[in-house]
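Trainee: I would like the entire structure built from these sequences, with the hints used as guidance.
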Amino acid sequence: MKKLILKTEGDTHVVVTRRFAAPPEAVYRAHIEPALIQKWMLGPDGWTMPVCINDARPGGKIRYECSNGKGGGFFLTGEFLELTPFSRIAHVERMHLPQPSSQVWICVPSDLFYIQLLHVI
Amino acid sequence: MLNLDAAFSALADPTRRAILARLTSGEATVMELAEPFEMTQPAISRHLKVLEGAGLIVRRVEGTKRPCRLAPAAITEIEQWLGLLREALAKNYDRLDDVLATMKPKPRKARR
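Protein chains in written order, with the numbering used here: chain A, 1 to 121; chain B, 1001 to 1112.
Heads up, a few of these hints could be off.
Unchecked claim - No farther apart than 30 angstroms at their CA atoms in a straight line, the calculated lysine-lysine pairs in the DSSO-like style are these:
| # | chain 1 | residue 1 | chain 2 | residue 2 |
| --- | --- | --- | --- | --- |
| 1 | A | Lys61 | B | Lys1106 |
| 2 | B | Lys1091 | A | Lys70 |
| 3 | A | Lys61 | A | Lys39 |
| 4 | A | Lys39 | A | Lys7 |
| 5 | B | Lys1049 | B | Lys1091 |
| 6 | B | Lys1091 | A | Lys7 |
| 7 | B | Lys1091 | A | Lys39 |
| 8 | B | Lys1091 | A | Lys3 |
| 9 | B | Lys1104 | A | Lys3 |
| 10 | A | Lys39 | B | Lys1106 |
| 11 | A | Lys61 | B | Lys1104 |
| 12 | A | Lys3 | B | Lys1049 |
| 13 | B | Lys1049 | A | Lys70 |
| 14 | B | Lys1104 | A | Lys39 |
Since the hints were derived computationally from the structure, they do not count as laboratory data.
Predicted model, so just to flag it, every value in this text is computed and none were measured.
Mentor: Here is the structure:
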């Protein structure tokens, strides 16, 4: 199992670092194509993502609806800011929980094995 | 103690999310929490039991009442939220490892 590193920077940034044994193209596609996203971006075991709208271009809409398989779930919405195949994705996502949050994930697969996410709270 | 599966399940219900939102304003009794919903107090109590089991709220005893408030280690605390985030991301990325492995072109069998 690869090691996930999570660090805070100041009061508003979380930096997540995780390595993947795969080319940047594959990691990028897995973050962009709905059929792939629905296979892994699920949270705890037993959850599914019945709805995955991912219009991968600047201004394109994001909507992920997650279900716990027992009639409950939540959803997040957002839009893409910029995309640079296969090295960078910036988007805004809002998770609709008691305290909705706006977050910008910037995904930088910069070499064969490396991904870093900047998460702005 | 926050548990990822229990916390996600607790948050998967809109009534429970609304209860947590109300508790950000301070402590409340079951009666006070039930008031905005067209729901009986026993139904609200069932939701509170789920939230308590997930470690998101704590309750104290005051006479016949048991007022609820957000647990000190509830989602309003950055450290606990980061712990949840870390767990969720770790699981997601482990799954992504598997998805990426299926995307590899299969090696061709050597010809005999």
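Trainee: Compare the structure with each hint and give your call.
Mentor: Evaluated hints:
1. A:Lys61 - B:Lys1106: Roughly 34 angstroms separates the two Cα atoms, so the pair is violated.
2. B:Lys1091 - A:Lys70: Since the Cα atoms of lysine 1091 of chain B and lysine 70 of chain A sit roughly 20 angstroms apart, the hinted pair holds (cutoff 30 angstroms).
3. A:Lys61 - A:Lys39: Holds, because 20 angstroms separates the two Cα atoms, which is no more than 30 angstroms.
4. A:Lys39 - A:Lys7: holds, 26 angstroms
5. B:Lys1049 - B:Lys1091: Holds - the C-alpha atoms of lysine 1091 of chain B and lysine 1049 of chain B are around 26 angstroms apart, at most 30 angstroms.
6. B:Lys1091 - A:Lys7: Holds, because 17 angstroms separates the two Cα atoms, which is no more than 30 angstroms.
7. B:Lys1091 - A:Lys39: Holds - the C-alpha atoms of lysine 39 of chain A and lysine 1091 of chain B are around 12 angstroms apart, at most 30 angstroms.
8. B:Lys1091 - A:Lys3: Distance of about 11 angstroms is within 30 angstroms: holds.
9. B:Lys1104 - A:Lys3: holds, 21 angstroms
10. A:Lys39 - B:Lys1106: holds, 20 angstroms
11. A:Lys61 - B:Lys1104: holds, 29 angstroms
12. A:Lys3 - B:Lys1049: violated, 35 angstroms
13. B:Lys1049 - A:Lys70: The given pair, whose Cα atoms are some 17 angstroms apart, holds under the 30 angstroms limit.
14. B:Lys1104 - A:Lys39: Holds - the C-alpha atoms of lysine 39 of chain A and lysine 1104 of chain B are around 16 angstroms apart, at most 30 angstroms.
Hint compliance for this structure: hints 1 and 12 are broken, all remaining hints hold.
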